[in-house]
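Each chain, written out:
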Amino acid sequence: MSRFHHTQLSNGLNVIAERVDHARSISAGFFVKTGSRDETPSIAGISHFLEHMAFKGSDKRDALAVNRDFDKVGAKHNAQTSEEDTVYHFTSLPEYLPPAFEVLADIMRPKLDATDFDVEKQVILEEIKMYMDNAMSVAYEAARELHFTPHPLGRSVLGTLESVGALTIEEMRDYYARRYGPSNIVLAFSGRIDWPALVDLAAERCGDWTGVEAKRVTPPAKGTGKFRVIERAEDNQQSVVMIADAPSLESPDRYAAQLLATALGDHTGSRLYWTLIDPGLADGAEVSYQDYNQAGAFYTFLGCDPAEAEANIQKVVDVYKKVRDEGIASDELEVVKNKVLSRSVLRGERPMGRLMSIGFTWSYRREYIPLETEIEAFQRVTPADVKRVLEEWPQPPMTITTVGPKTSINPPDFS
Amino acid sequence: MTESILYTHKLSNGLVLLADPMPGVQSAAFNLLIPAGAAYEPADRCGLASMLSEWITRGAGDRDSREILTDLDNLGVTHGEAASTVHTSVSGATLGRNLIPALAIFADIVLRPRFDDDEIEPIRALAAQSLQSLEDDPGSKVIYELRRRHYPDPWGRPAPGSIEGVEATTGEDMRRFFHERYRPDGAILGVAGAIDWPRLKDEVEAFFGDWKPGKGGAIVERPTGPKHDHITRETNQIQIALAYPTETMTSVDYYQARAAVGILGGFASARLFTEVREKRGLCYSVGSSYETHKNIAAVMCHAGTAADRAQQTLDVTLAEIDRLHREGVDSLELDMMRAGLKSSLIMQQESSMNRASAMTADWYFLERVRPLDEIAAKLDGLTAESINEYLSRRPPADPTILTLGPKPLAITKGA
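Sequences listed follow chains C and V, in order. Just so it is clear: in the first sequence, position 381 is 381 by the numbering used here, and no numbers are missing. Take any residue in the second sequence, note its place counting from 1, add 1000, and you have its number in the numbering used here.
These aren't lab readings, by the way, just hints derived from the structure by calculation. Mixed in with the good hints, there may be bad ones.
Capping the alpha-carbon separation at 30 Å, the derived lysine-lysine pairs in DSS-like fashion look like this [claimed, not checked]:
1) V/1342 x C/72
2) C/76 x V/1279
3) C/60 x C/76
4) C/60 x C/121
5) V/1342 x C/60
Start from the sequences and build out the full structure, keeping to the hints where you can.
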């Protein structure tokens, strides 16, 4: 029997499921293809705010009932909003899937009540302030804006105190109507599944959904390479975010890009680790590869003593220059592959770990990639593939934002 | 609820080996607790245990620092070495077939570190920077500082230490601490996942059998405080943290106490989230949690919110604690708490890492590992009446309250 199943309801909703051997639980999630890149500046933050409003309930149950009905069956529920996706999910024991799923499906058709909207707006404003108290979050938001703008990926997920403060319930209802049509949503299950029962459940709870098809613009993204210094006099450490262009999620080079990022900036044993962490020059130096819809980025995060920031930024740039000139040798690539493969297996043992992978893959590629196939794809990457990625996506230059007490910081030498 | 068999084996030097072969998983994880936490540091060397946990990985046995990390990466080991208040823990997870070679490397790290003096200054620089980063993270800072004020010293000592302690610590201090505290008596090694018990037992005997027991190390407790305190910072939010005593794991009231903490603030429809966030929109995150040492345990509550809403957040939180003990809980709340905990127990069996750390924690507190069926039966045995009888018998003691932000709050009675 196959581990993977797919069907599409007549209203356009895609339903997929993957069996995870020996799983004791099941995870379910709605992957809505909408996020801050689908907003305009005047409604910045509305995707994330809408995610919160879903949990305020439907015509059938209020916010307290949403939480209570999940909690009654011990379902671990949550949601997340990014630049391009809003995901609602829970994990429960298989016997509690039907009641927990009934709640999740219900809140996907939220009431969007005006009074709830006003109360929840205060919660969102607190969430924004919470992130304003975190220097790396401030650096990350500012760097993304600096790197991508005018591309929509430069928009803030949370929005600002001003933009969220000015949002109206009418704007949210309008956004919902444009973005939450069933054809823009993928329903995914992972874990201890019973496929025929899942198909019935999906049809029963989601079969009557209606809504329009959603559009997204995907202009080419080209980083600006700008440099920006933001003063936060009260900080003790300097926080730096550096962004460079990278392959998109549609590109076959995403596996090579992931391995390259791990080689350069994994939290342990990477080139940045040996350059900055091991000698005690910085207490954080990591690279992550983020694949987007028709865009991609390598993010470098650096946290260090403000006095060392300028020298450390240059050291990061030098690490990128060296890999650009020399590539990665096959023995280093093998070490990185072993690390990445082992982590894939560990993550894949839990239904939630697989849910995210299969949900996003279906959302963007209409494809199922089993864990074994993913592992083979990593294994096939050669030093020449990494070299090609580096040639096609030249590193550096990069866009740089630094946040902290030190303001006299010069841009690095990229040459 | 469980099909697994638990193995235990005590080495003649005192090291306890626990193993749970989990059917079906490919991964294996281990967690080694060594009785070498911050609580055992000299009072003027706070941060020593954390620095030492970094030093042991920088060259051990036949391998230098780089060879250790490369070999662990090649084995696909996700690992961490860190001091907490009571223990230094060394943990890792990888594919089952790589477990024994990984343990061999960690036996070198724990028993035969090279202690190269050239590594000390980089380690000191890292420790100092992580303290500075903590200053920039108000949500974490307030919890560390609350523990320091609430528990008698050394039970509230933060493992990152203090700037003075980190600056004062010498290589000689760390070597002495290593010889006194890195010892098999009091150490616990939990292993879970794809393991072969007879082989594991033999290899652990071979790796750790000649580890020599330690001597001495009694802890002297000292009172701390103050009961109510404020740390002034120009943050966007005020952090509110409070703690009050509850039952330890050996108490006959343990399950009643855990249930009460859960119902107060351990899940989405628990009282704090409902009253503070859902009904009043006062903050983004609020909750309560249970934490314990061997002889002292606390309920911890934490919220972060804007200055103009902080007083009400604190007042509502204190009122909810009071109401919990005055009015008790109802059976619906108990059902939700129980469903959540039982689901977590079952899901724990999907993750070798979670299982390894749960086993070692059980052994530290109880000198045995509770079968999951036993925990489930204890949860099933709870009634609203038994919890309410406990709550009325044990009114909450005056909590330790710490706030961090621009201005202190008024602490009124009811507190």
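Legend entry - Holds or violated: residue 60 of chain C to residue 121 of chain C, with C-alpha atoms at most 30 Å apart: holds (22 Å)
Inset, instruction - Would you mind confirming whether the straight-line C-alpha gap from residue 60 of chain C to residue 76 of chain C stays at or under 30 Å? - result: holds (21 Å)
Legend entry - Pairwise hint evaluation, residue 60 of chain C against residue 1342 of chain V, where the allowed Cα distance is 30 Å at most: holds (28 Å)
Legend entry - Restraint check for residue 76 of chain C with residue 1279 of chain V, where alpha carbons must lie at most 30 Å apart: At roughly 21 Å apart (the allowed maximum being 30 Å), residue 1279 of chain V and residue 76 of chain C satisfy the hint.
Legend entry - Hinted pair residue 1342 of chain V and residue 72 of chain C, Cα distance within 30 Å: holds (12 Å)
Going down the numbered hints, you'll see the structure goes against none, and every one checks out.
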